[in-house]
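Q: Input sequences plus hints: build the corresponding full structure.
Taken in order, these protein sequences are the chains called A and B.
Whatever position you read off the first sequence (first residue = 1), add 11 for our numbering.
Whatever position you read off the second sequence (first residue = 1), add 572 for our numbering.
Treat the hints as calculated values from the structure; they're not laboratory data.
One should not assume that every hint holds.
Unchecked claim - Across the chosen pairs, the derived CB separations fall in these ranges: (1) Leu203/A - Glu582/B: 35 to 45 Å; (2) Ser828/B - Gln181/A: 32 to 42 Å; (3) Arg241/A - Gly811/B: 42 to 52 Å.
Claimed, not checked - Computed footprint of chain B on chain A; a stretch qualifies when at least three of its residues, placed anywhere within it, have a C-beta under 8 Å from a C-beta of chain B: (4) 53 to 62; (5) 212 to 222; (6) 246 to 257.
Note that beta-carbon positions come from the ideal geometry of N, C-alpha and C, so glycine has one too.
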Amino acid sequence: MSETATGAQTSDGTAGGAKVTAGVKELREIARTLLAEGDVRVIIGWEAARRGARPVFVTDPAEADRLIFDARCVHNLVTYLNPRRDHVAELGKIGLIVKGCDAKAVAGLLREAQLTREDVVLIGVRCGGVLEENEMPAAVTLTPDNVAPRCYGCDIREPALVDHLVGEPQPEPPRPAQTIDERIAALEDKPLEERWAFWTEQFSKCVRCYACRQVCPLCVCERCVADKTRPQWIEPSPHARGNLSWNITRALHLAGRCVGCGECERFCPVGIPLSLMNRKLQQIVAERYGYTVGDDPEQAAPIGDYRLDDGQEFIK
Amino acid sequence: MSDERFFISESDLRALAADLLGAGTEVIAPVAVDACASPAAMASSECLRPGMEPEHLEYRSLTDASQLDLGRGLPVLSLKGYFLPEHEALCRWKQKGTTIEIEAVPTEFAPRVVLAAKPCDSAALAVVDEVMNWDDKDELWNGRRAATTIINLACPVVDESCFCTAVGAAPDAVKGADGLLTPVKGGYVFEAATGKGGVLLEAHQARLSPVADALTEAADADNANARAHVAANLDIDAGSVRDWINTHFEDPLLASLAIRCNGCGACSSVCPTCHCFDIVDEEEGVGRGTRRRCWDTCQAPTFTLHASGHNPRDDQHSRYRQRINHKFSIYPLRFGEVLCTGCGRCTRVCHAGQDLVEILEAIDIAARRPAEVTP
Numbered sequence: 012m013s014e015t016a017t018g019a020q021t022s023d024g025t026a027g028g029a030k031v032t033a034g035v036k037e038l039r040e041i042a043r044t045l046l047a048e049g050d051v052r053v054i055i056g057w058e059a060a061r062r063g064a065r066p067v068f069v070t071d072p073a074e075a076d077r078l079i080f081d082a083r084c085v086h087n088l089v090t091y092l093n094p095r096r097d098h099v100a101e102l103g104k105i106g107l108i109v110k111g112c113d114a115k116a117v118a119g120l121l122r123e124a125q126l127t128r129e130d131v132v133l134i135g136v137r138c139g140g141v142l143e144e145n146e147m148p149a150a151v152t153l154t155p156d157n158v159a160p161r162c163y164g165c166d167i168r169e170p171a172l173v174d175h176l177v178g179e180p181q182p183e184p185p186r187p188a189q190t191i192d193e194r195i196a197a198l199e200d201k202p203l204e205e206r207w208a209f210w211t212e213q214f215s216k217c218v219r220c221y222a223c224r225q226v227c228p229l230c231v232c233e234r235c236v237a238d239k240t241r242p243q244w245i246e247p248s249p250h251a252r253g254n255l256s257w258n259i260t261r262a263l264h265l266a267g268r269c270v271g272c273g274e275c276e277r278f279c280p281v282g283i284p285l286s287l288m289n290r291k292l293q294q295i296v297a298e299r300y301g302y303t304v305g306d307d308p309e310q311a312a313p314i315g316d317y318r319l320d321d322g323q324e325f326i327k
Numbered sequence: 573m574s575d576e577r578f579f580i581s582e583s584d585l586r587a588l589a590a591d592l593l594g595a596g597t598e599v600i601a602p603v604a605v606d607a608c609a610s611p612a613a614m615a616s617s618e619c620l621r622p623g624m625e626p627e628h629l630e631y632r633s634l635t636d637a638s639q640l641d642l643g644r645g646l647p648v649l650s651l652k653g654y655f656l657p658e659h660e661a662l663c664r665w666k667q668k669g670t671t672i673e674i675e676a677v678p679t680e681f682a683p684r685v686v687l688a689a690k691p692c693d694s695a696a697l698a699v700v701d702e703v704m705n706w707d708d709k710d711e712l713w714n715g716r717r718a719a720t721t722i723i724n725l726a727c728p729v730v731d732e733s734c735f736c737t738a739v740g741a742a743p744d745a746v747k748g749a750d751g752l753l754t755p756v757k758g759g760y761v762f763e764a765a766t767g768k769g770g771v772l773l774e775a776h777q778a779r780l781s782p783v784a785d786a787l788t789e790a791a792d793a794d795n796a797n798a799r800a801h802v803a804a805n806l807d808i809d810a811g812s813v814r815d816w817i818n819t820h821f822e823d824p825l826l827a828s829l830a831i832r833c834n835g836c837g838a839c840s841s842v843c844p845t846c847h848c849f850d851i852v853d854e855e856e857g858v859g860r861g862t863r864r865r866c867w868d869t870c871q872a873p874t875f876t877l878h879a880s881g882h883n884p885r886d887d888q889h890s891r892y893r894q895r896i897n898h899k900f901s902i903y904p905l906r907f908g909e910v911l912c913t914g915c916g917r918c919t920r921v922c923h924a925g926q927d928l929v930e931i932l933e934a935i936d937i938a939a940r941r942p943a944e945v946t947p
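A: Have a look at this one:
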């Protein structure tokens, strides 16, 4: 592959618009050492490419300088640890770079026995929030207008579970113009008919590409219910019935599991606000079971945990 | 009158759209969808930022001529869905005991007009015409094609991911279309490209006037500029790319393209030329139902999953190679047309960073300048 827009470092110490901070230097050094000493076969991180930051798979220690980290590094790379990714697993032992929020997805895979901790080396980057839109030539300062809304309320400046930690201490991300919770509250203030109209319109856009499922680090099923044909649980046609059925099922299967990384919404080619549904389900799970998804793999999620005092007043 | 060029003012162009709508003709055109209009306002955090007006362009069936957007942006989805809908009924059935009644669907359609189509989107229809008339004639596709008059609007080039000229299309091409509008001072140079386009122009003669030479020259210069601009984005030899792919199936360049790919079908959904579909029977009650076809994608494992459980394309690398192979080698070898018009939508929609411009450039280098390939 030609590297027309990647990896080339200029004299001002930037690579494709990415600042080479002390943290990035440290990151590259760790990656280089892990690869050179054979501790891992591949480092999965971010690089600066033609259209902005994107995932990169570095297998050669000499290419460790392709790695960057700045506010454009939005992607939750934990999706590449998902057991569905045969072609990634084939590369051999993975060294993965994670932000604080990404580590929650690692915890999710560990919690559900989809990953063995020893099979991956985690390099944590201290993070003060990321941009909502990462496809830009250089990172810009985070403001309420450009910060990813999911960063609001994030209490993890330093990722857990990691083997290495790099970067300077980071400030809290700015508060977005409107938080996801505020958007949910505004929607809930509407009468039922308007909410129904809202979601009907949103789901009508769905083309059933399943990008939401494919990018999700926690959609781990070997064969998704949407792909089953005997019986056909979910109609594959992107008509109102099929789309409602798919979108509701996807959200419910992530209830109490979704870590709120927002990749499903970001990858949706037609802009369905999936985060509103995912976050609402987080709220319900918190209210109903006192459970908030975190980065502790030992903390059982309601879906995998039965307690005698579980609320059941909704069973009628 | 197909060689003639006319002038039409913007107001007359809108009036032409209004005339068509008034006569009961469906008019499909780019519409700036206000992503912040109710009830979808909650959808986008963009809507909550003062001063930001998210431009979200879609081809829509106009309800009013004022909706026609002449800003020359790129609609999110291509025109494909108006000829091969995301889903459509192929027939309906009713079964009682051993008696089965089949209700056919109409394959003739009312005349309709597409205004301000992107040249890459109309070109895609002409490319897909080939496979739709290969062995079986696809009556639904052909019916819609026959009923539709398409007028392109010359494109100023959207961004650095456009590469239409690299694959035999052009920002001012009329391939797959019946006419072309090129913006000039005060309006548009309007020309027909087919008999169907000529009929449209003739029917709306009152809206047209002779065009001054200075304006046609300006239009030609603008179009030449756009062609040069897009040509600079990607310079490949499609024939060399086709032949190289055909003879390098196992080459690491082709066999390991998809490491960052998520294997979703977003690229296929937004692609103007991806035309694969699945056929499903949907029961709608006891003893009756609808047989439908809906868009499918070679990027999904189920696309090639055999009943035996064997899957000949069982990893994402092989599925992505299929996408490249089909578009740039298999289809051109069979039909003489590249199954891509360089719209760049697949690249823009892929947040994992699969970049077709970069991939084609790498293949072109391997094909034409192998000495430059980095080991």
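Q: Each of the hints needs a verdict: does it hold here or not?
A: Hints, one by one, checked against the model:
Under the hint 35 to 45 Å, the C-beta atoms of Leu203/A and Glu582/B, about 43 Å apart, fit the expected range. Hint check: Ser828/B to Gln181/A, Cβ distance near 35 Å, so the stated range 32 to 42 Å holds. Here the CB-CB span from Arg241/A to Gly811/B is close to 45 Å, well matched to the stated 42 to 52 Å. Coverage of the stretch 53 to 62 of chain A by chain B holds in this model, with 3 residues showing a Cβ closer than 8 Å to a Cβ of that chain against a need of three.
Against chain B, the stretch 212 to 222 of chain A contributes 7 residues with a C-beta closer than 8 Å to a partner C-beta. That satisfies the three-residue criterion, and the hint holds. Coverage of a stretch by a chain is defined here by at least three residues with a beta carbon nearer than 8 Å to that chain's beta carbons; for the stretch 246 to 257 of chain A and chain B the count is 6, and the condition holds.
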